[in-house]
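Number of protein chains: 2
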Amino acid sequence: MYVVVTYDADSEERENIRTIVKKQLHWVQHSVYAGELTRSATEDLFRKLKSSVREARVSFWVFDRPPDIRQIGTQKDRESIFL
Amino acid sequence: MYVVVTYDADSEERENIRTIVKKQLHWVQHSVYAGELTRSATEDLFRKLKSSVREARVSFWVFDRPPDIRQIGTQKDRESIFL
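Chains as they are written, first to last, in our numbering: chain A, 20 to 102; chain H, 20 to 102.
Heads up, a few of these hints could be off.
Same chains, same label: a pair holds when it works inside one copy or across any pair of copies.
Stated by the list, open to error - Below, a list of computed lysine to aspartate or glutamate pairs in the EDC-like style, where the Cα atoms sit at most 20 Å apart:
no., residue 1, residue 2
1, Lys41, Asp63
2, Lys41, Asp29
3, Lys67, Asp87
4, Lys42, Asp63
5, Lys69, Glu32
6, Lys42, Glu62
Don't read these hints as lab results, they were simulated from the structure.
Please build the complete structure, drawing on both the sequences and the hints.
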């Protein structure tokens, strides 16, 4: 599966979400993480987020296959998605 | 195609990007738009963004099929993705 997690959150929840997702996905940009996971890892990640998120808005996207990702613009990466 | 656009941008570019993407995609959350487009509409949207973005970081994701999208958390929608 290819999983994308995007979130709007206040600082405390943002840090919790980031701690959870960065173990299994890579950073893409501010409040966006993505990566390939097995089906069981996908469900595990979803359960972890669901049990820890209260006020934030988290979108958990599950795709069959990885996308064609194109980057536009010149803003420097904080962490490269190509790592 | 299923297209997701996520962006980090300063206020002026953010408004430009928003103006372009909201014509063809629906709002999901802060700095995230998505929707189904034909292949030609996808390329048209990509060209428009590429020609107008300078400093921002825009990720343009193209998938073959729509995702399973799950929402977590209680934060109110500013605009519903179910519209």
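A quick look at each hint next to the structure:
no.: 1; hint: Lys41 with Asp63; in the structure: within (14 Å within a copy, 33 Å between copies)
no.: 2; hint: Lys41 with Asp29; in the structure: within (17 Å within a copy, 25 Å between copies)
no.: 3; hint: Lys67 with Asp87; in the structure: between (28 Å within a copy, 18 Å between copies)
no.: 4; hint: Lys42 with Asp63; in the structure: within (12 Å within a copy, 36 Å between copies)
no.: 5; hint: Lys69 with Glu32; in the structure: within (12 Å within a copy, 33 Å between copies)
no.: 6; hint: Lys42 with Glu62; in the structure: within (14 Å within a copy, 34 Å between copies)
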